[in-house]
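*Asks:* As a plain string of letters, each chain reads:
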Amino acid sequence: MANLNVDSAKQRTYDAIIIGSGMSGGWAAKEFTEKGLNTLMLERGRDVKHNINYPTTNMYPWEFEHRGEVPYDIQQANPVISRCYAFKEDAMHFFVKDTEHPYIQDKPFDWIRGYQVGGKSLMWARQTQRWSEYDFEGPARDGFAVDWPIRYKDIAPWYSYVEKFAGISGNKDGLDNLPDGEFLPAFPLNSVENYFSKFVSSNYPGRNVISARCAHLSVPQPIHIQQGRVQCQKRVLCQRGCPFGGYFSANSTVIPWALKTGKLTLRPYSVVQEVIYDDKKGKATGVRVMDAQTKQVIEYYAKVIFVNAAAINTNLVLLNSKSQRFPNGLGNDSGVLGKYVAFHNYSARISAEYDGDMEWTTDGRNPAGGGYMPRFRNVKKQETGFLRGYAAGFSAHRGMDTDSSGVGKGLKDNLANPTLSNWKVGSHMMAETIPKETNTLTLDTSKKDDWGVPLLKFNIAYDDNDAKMKQDYFEQMTEMFTKAGFKNIQTNDSKQAPGLDIHEMGGARMGNDPKTSMLNKWNQMHACNNVFVTDGACMTSTSTQNPSLTYMALTARAVDYAVSEMKKGNIA
Amino acid sequence: MDRRTVIKNLALVIGGAALLPSCLHDSGKASIALKKIKVSADQEKFLADVAETIIPKTDTPGAKDLHLHLFVLKMVDDCFSKKDQDAFMAGLDKLSKEAESRFSKPFGQCSQAQRESLLNELDHKQMAFQKAQYAQGKKSKREVPADDMLAFYGITKGETVFGYTYSKYFMTKQIVYELVPGRYNSYFPVKNLKANIKHG
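Chains as they are written, first to last, in the working numbering: chain A, -7 to 564; chain B, 16 to 215.
Worth flagging that the hints you see were computed from the coordinates, not collected in a lab. Quantities reported herein were computed from a predicted structural model and do not represent experimental measurements. Glycine included, C-beta positions come from ideal geometry on N, C-alpha and C. Misleading hints may appear alongside valid ones.
Residues from chain A that keep clear of chain B, each with C-beta distances beyond 12 Å, as calculated [claimed, not checked]:
id : residue
1  : K27
2  : P63
3  : Q67
4  : R199
5  : I290
6  : W352
7  : T353
8  : T354
9  : P359
10 : T394
11 : A408
12 : D552
13 : K560
With a straight-line Cα cutoff of 20 Å, these simulated DMTMM-like cross-link-like pairs (lysine to aspartate or glutamate) come out [stated by the list, open to error]:
id : chain 1 : residue 1 : chain 2 : residue 2
14 : B       : K146      : A       : D165
15 : B       : K98       : A       : E61
16 : A       : K460      : A       : E471
17 : A       : K513      : A       : E471
18 : B       : K51       : A       : E57
Working from the sequences, and respecting the hints, build out all of it.
*Replies:* Written as structure tokens, this is what we have:
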């Protein structure tokens, strides 16, 4: 920007720039600022301050104009976001509407986005499981993607580090396919969840149903009180933002922590168009931003840049960062940028009923949601006709049966006197998908959005392995449900498009070889050592675990490395 | 009275005269602002009488006390397709006429028993329709029957019950909704259940 003087450029210069303020960007902000670096965090959407910008958080059901329903016109105009389970009247202001930010679906892909400070960490499902050695070794063992450049031992201490700070509830279950962590007390299984857990482990060696591990403060520790958070109050209205800070979000936890250091500049309404690469200096020097409100284009500079825009937008930013040195996108010598995109297959569910344990029910609400069944297929060796496997949720609850037939006083009485139903049990599949070169994100060559950024084209689909795995999930769950004495078993293939799982990963994968990957074992670009990617885009494979905890750990680890490299003068 | 008002009033008189034959009972508009559906005061009154028949005032508040008919209108206006809105409006008029021809007086002047007998007929059909929908795997309460009168009844019944069970009255006095439960008991004896608290 030739028209601006040196002082102005100095004012726009930081030690570190973070693109994105969600799950991983929030952690990067905490780590950089704690280490004393002047840090700029850029967020394309508006600010959402903890406990200030949660407009619906204390609303009762009757206070919503449509009692929670999304009006018809909004649904019709926004079919993609309307398919998201959390897009309801109480939280729809935290989701991007299709009409606001269009994209091109060469194949159907439900892209679920949250453009605000905190990103999707505000509305996430809060399930947190560690990866195990069996997950990291997957691609190498089974011959797909590329070998992960890290193993469990590399990330284990960083899992511990982020778990203690975020607050993760769980039991030490002693499973080698789902390592234990630094846990607050778990939310316990109920009687039928426990019954099924015992049934499964005694009849199916290697299979387990455990209390779901989640980012809720079951019993807050001093560090959490210091963050201004208190015990989870079991509201299970988390998607509205929590006034207690009962679950981990960037808004409630890492961003306020980073701001307290005085080292963080948080700039909302900042749409990053590209990372600036200086061909002469041979490194990235900053980012070019368009202010979403004023449309002014501004450059910011830093020694190190973390790209945490959420997996798909990180691909977009990198693809759009073109220079003489990198004509096909920043760091893209290998040509793999935007390829090998993968996700989790969430398209299968099963439900049933159980007539046992009728003397028990539950009271209050379970923030963990119930039980979790770690992957049991192909864990230690290949044993099925498909690669990899699936984890599964499992939960049981007793609903209320209400006779709503008829009219008049009888109906009124019936509505006020529902009867307790038998137990309803349910499970949903969380399946690994295999990253493929043909699953791609590319830039449209002509269409741009209102902020000067090319529209993204999606070419992502399921494959035969996904179909076989889903079949196996239905068969195995049906068998276990049947043998456990559950009845009225119903399988449901939602046939949903990829994306609705909201676990998109890859496109800028880690790997040992610069010829076949974008990032090294420190999430650092092979070809541009002052740029790091620690959100979902870095994932070499997906395994089955909910990925956020792994992003947090990778981020803290990468910042630690980046700062040590800066101190050594290797990043300047 | 200025000239402009005189002309406006004159137009109203002429317009009113022209409309009178087909709209004898039309005595104004609905009492709430609606964006899409056009509802007259008489139609609103009829709807209120239907809702009151579904949830009558007893020793506890009824539909009119809780303005459930206005909630029905709000939902129809905002949360249904044009096709369903048209069916709702057509069905409303048909049912109003049906009541009048059957009992020789407006629905609102019929006895509770007369009103209930008419609605219960529709209720049986609606329940059968819902059961068939459920059997086909369609669980959305937004599935509306093809017959206008049944469509009107189905929407009104569904939204009246929805509005009732989600009303402040019901959620604080009948089955209490807790915004902040503060507890999760995973093993809770059924015998300790309180009927007036929404557990879970």
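*Asks:* A separate judgement is required for each hint: does it hold in the structure or not?
*Replies:* Consistency of the hints with the structure:
1. K27: Answer for K27/A: holds, closest chain B Cβ roughly 38 Å.
2. P63: violated, 4 Å
3. Q67: violated, 9 Å
4. R199: holds, 21 Å
5. I290: holds, 41 Å
6. W352: Answer for W352/A: violated, closest chain B Cβ roughly 6 Å.
7. T353: For T353/A, whose nearest Cβ neighbour in chain B is about 5 Å away, the distance does not exceed 12 Å, so it is violated.
8. T354: violated, 5 Å
9. P359: violated, 7 Å
10. T394: violated, 8 Å
11. A408: The assertion about A408/A is violated, with a minimum of 5 Å to chain B.
12. D552: holds, 36 Å
13. K560: holds, 49 Å
14. K146/B x D165/A: With a Cα-Cα distance of about 44 Å, the restraint between K146/B and D165/A is violated, given a limit of 20 Å.
15. K98/B x E61/A: Cα-Cα ~19 Å, so holds.
16. K460/A x E471/A: holds, 16 Å
17. K513/A x E471/A: The given pair, whose Cα atoms are some 41 Å apart, is violated under the 20 Å limit.
18. K51/B x E57/A: holds, 16 Å
Checked against the numbered hints listed earlier, the structure breaks hints 2, 3, 6, 7, 8, 9, 10, 11, 14, 17; every other hint is satisfied.
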